[in-house]
Amino acid sequence: MTVKPSGPLPLDAPIPGSSFTDLLESMGAGPALSLPPGFSVPSAPEGTTVLALRHDGGVVMAGDRRATEGHLVAHRSIRKVFQADAYSAVAIAGTAGLAMDMVKLFQVELEHYEKIEGIRLSLDGKASFLARLVRGQLPMAMQGLVVVPLFAGYDAKEGRGRVYTFDVVGGRYEETEFGSTGSGARLAKSFLRTAYREDMTVDEAVATAIDALVAASTEDTATGGPDLLRGILPNVVRIDADGLVEVDDEVLRPLAESAVENIR
Numbered sequence: 001m002t003v004k005p006s007g008p009l010p011l012d013a014p015i016p017g018s019s020f021t022d023l024l025e026s027m028g029a030g031p032a033l034s035l036p037p038g039f040s041v042p043s044a045p046e047g048t049t050v051l052a053l054r055h056d057g058g059v060v061m062a063g064d065r066r067a068t069e070g071h072l073v074a075h076r077s078i079r080k081v082f083q084a085d086a087y088s089a090v091a092i093a094g095t096a097g098l099a100m101d102m103v104k105l106f107q108v109e110l111e112h113y114e115k116i117e118g119i120r121l122s123l124d125g126k127a128s129f130l131a132r133l134v135r136g137q138l139p140m141a142m143q144g145l146v147v148v149p150l151f152a153g154y155d156a157k158e159g160r161g162r163v164y165t166f167d168v169v170g171g172r173y174e175e176t177e178f179g180s181t182g183s184g185a186r187l188a189k190s191f192l193r194t195a196y197r198e199d200m201t202v203d204e205a206v207a208t209a210i211d212a213l214v215a216a217s218t219e220d221t222a223t224g225g226p227d228l229l230r231g232i233l234p235n236v237v238r239i240d241a242d243g244l245v246e247v248d249d250e251v252l253r254p255l256a257e258s259a260v261e262n263i264r
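If you're matching positions, the sequence shown starts at 1 in our numbering and goes up one per residue.
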């Protein structure tokens with residue numbers, strides 16, 4: 001990602017409002033996401049499988065830790081699940097470097113909106129803005145550097161967790177039960193279709209998320225299962241009326257051990 005040279009904001013420039021991205025563009029400092037003509041697409045690490053599922057009090061989001069580069073393992077302990085704000089989280093799949101930049105910009109956008117407007121953006125509004133950021137990556141996606149996030153959070157107005165998936169052109173879709181994206185998404189969703197219950201407790205939802213990742217890793221080589229020897233466990237967060245909490249490795253390890261032993 002390159003940034004255009006910037007200068008002071010002209011006095012007659014339009015006020016960009018509560019969008020940090022619009023503010024950057026009004027200053028001529030918006031990101032220029034394109035490759036020069038004739039430049040070949042570089043080989044870059046890619047994140048693989050992330051998922052989220054609703055439970056009776058909120059939502060759980062989880063991601064494996066492997067990043068691949070072609071047929072090779074680029075990183076064994078990459079982080080794919082990030083806090084967006086106090087009541088939502090975003091997970092990444094696709095070109096890892098671009099995806100992490102998108103997450104950082106999304107986090108700044110939410111903070112900027114809250115400071116300017118004095119209120120927190122609605123969960124549906126957050127999902128819509130993330131879709132806009134995905135759509136802004138379309139020129140890079142057309143050149144092979146694809147970023148497709150997953151978004152979930154707790155909607156205080158409706159008193160429930162909500163899960164959103166996206167496509168490469170910025171389409172936004174709310175899932176009624178669970179969602180997944182990445183190379184192992186189909187396998188994870190196939191497992192969740194048989195294991196998911198709407199009345200699950202948060203502990204059952206965390207265990208089911210781990211089971212789904214392990215199930216995906218048994219068939220998809222790009223999805224990394226728990227590495228118990230190295231102590232590399234999935235990233236898992238839970239979000240409810242009390243906010244976002246990251247699940248500790250001490251809680252995840254016995255669940256991972258059980259999943260590795262039982263999932264076939």
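In short, the hints are calculated from the structure, not lab data.
Idealized CB from N, CA, C, for every residue including glycine.
There may be inaccurate statements among the hints.
[Said to hold, decoys possible] Okay, the calculated beta carbon distance ranges per label pair: (1) 167 - 72: 43 to 53 Å; (2) 143 - 72: 28 to 38 Å; (3) 204 - 242: 29 to 39 Å.
[Unchecked claim] Once the Cα atoms are required to be at most 16 Å apart in a straight line, the calculated EDC-like pairs of lysine to aspartate or glutamate come out as: (4) 157 - 219; (5) 189 - 227; (6) 157 - 198; (7) 189 - 177; (8) 157 - 69; (9) 189 - 174; (10) 189 - 175.
Hints and how they fare:
1. Between residue 167 and residue 72 the Cβ separation comes to about 27 Å, which falls outside the hinted range of 43 to 53 Å.
2. Our hint of 28 to 38 Å for residue 143 and residue 72 is violated, since their Cβ atoms are close to 21 Å apart.
3. Taking the beta carbon of each, residue 204 and residue 242 are about 18 Å apart, not inside 29 to 39 Å as hinted.
4. Between residue 157 and residue 219 the CA atoms are separated by roughly 40 Å; this puts the pair beyond 16 Å, and the hint is violated.
5. Proximity of residue 189 to residue 227 is assessed by CA-CA distance (about 22 Å); at most 16 Å being required, the pair is judged violated.
6. For a cut-off of 16 Å, the pair hint linking residue 157 to residue 198 is broken: about 20 Å separates their Cα positions.
7. The suggested pairing of residue 189 with residue 177 holds, with an alpha-carbon distance near 10 Å, which does not exceed 16 Å.
8. Restraint check for residue 157 and residue 69: not satisfied, since their Cα atoms lie roughly 42 Å apart, outside the 16 Å limit.
9. The suggested pairing of residue 189 with residue 174 holds, with an alpha-carbon distance near 15 Å, which does not exceed 16 Å.
10. At most 16 Å may separate the alpha-carbon atoms for a hinted pair to count; residue 189 and residue 175 meet this at roughly 12 Å.
Consistency with the previously given hints fails for numbers 1, 2, 3, 4, 5, 6 and 8, ordered from lowest to highest.
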